[in-house]
Amino acid sequence: MTALTRRHVLGMAASLLPIVACGANPSIAQPAEPDAIPADAVMITNDRVLISVERIPALRADDGAVVLLAARLIVVRTGAASFRALSAECPHAGCGVSVVDRPRLLCPCHGSEFDFEGNRLGGPAPTGLQRLRADFDQSSRVLQVYRSVAPQLSPNSSRA
Numbered sequence: 202m203t204a205l206t207r208r209h210v211l212g213m214a215a216s217l218l219p220i221v222a223c224g225a226n227p228s229i230a231q232p233a234e235p236d237a238i239p240a241d242a243v244m245i246t247n248d249r250v251l252i253s254v255e256r257i258p259a260l261r262a263d264d265g266a267v268v269l270l271a272a273r274l275i276v277v278r279t280g281a282a283s284f285r286a287l288s289a290e291c292p293h294a295g296c297g298v299s300v301v302d303r304p305r306l307l308c309p310c311h312g313s314e315f316d317f318e319g320n321r322l323g324g325p326a327p328t329g330l331q332r333l334r335a336d337f338d339q340s341s342r343v344l345q346v347y348r349s350v351a352p353q354l355s356p357n358s359s360r361a
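For the sequence shown, my numbering assigns the number 202 to the initial residue and increments by one for each residue that follows.
Please note that a few of the clues may not be correct.
Here are the in silico distance ranges between beta carbons for each label pair [claimed, not checked]: (1) P327 with R256: 32 to 40 Å; (2) D241 with P325: 36 to 44 Å; (3) G295 with E255: 25 to 33 Å.
Simulated from the structure, these hints should not be mistaken for lab results. Quantities reported herein were computed from a predicted structural model and do not represent experimental measurements. Note that beta-carbon positions come from the ideal geometry of N, C-alpha and C, so glycine has one too.
Build out the structure end to end from the sequences listed, making use of the hints.
Rendered as C-alpha cells:
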C-alpha cells in the first residue's frame, strides 16, 4: 500500500470539484443524450436566436421540447405553427435547466421543476422560468426568439 501524497489528495479533490460546485444531487434525473442538432439549425446573436425547427428532431411533434444548450433557451412546440420559448436560466441560482423529463423541465443543480409553460412545480426556485418572445415564420419554417441581453448563467453551472 502506498502512502497518499498531497498531490494524490489534491488530484482526487479536483476530480470531485464539478460535482460539488454545481451542488449535484445524485437522486435528480440527469440529462439524456440529446438528439443530434445540426450546427446550422441554430444561429445565435446577442439579441435573438434563429431556429430551423424542422431540422431539430425533438421539435417535429406537438408538445416536443428541446434545450438548446449554446443558446441557453428551451423551445416547446405547442401546435402545428406555434412555439413557446423559455430561458434556460433557473431563477434559483442561475444554473442551466437542462433536463426534459416529459412533461417537466428539471434543473439538475438543486432540483427545481417546471412545466412546459415555464411555471414552477417544485424545488427551491422562487418563480417560474422567464418566457421569451418567439415568432414563427411558416414560409421559412424558422422560429425567431428574442432576448434583451445574452443570458448569464451562474459560473458554478456546468450544465446548459
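Now for the hints, and whether the structure bears them out:
1. P327 with R256: 32 to 40 Å: 36 Å Cβ-Cβ, so the 32 to 40 Å window holds.
2. D241 with P325: 36 to 44 Å: Roughly 37 Å apart at Cβ, these two residues keep to the hinted range, so it holds.
3. G295 with E255: 25 to 33 Å: Distance hint for G295, E255 holds at roughly 32 Å.
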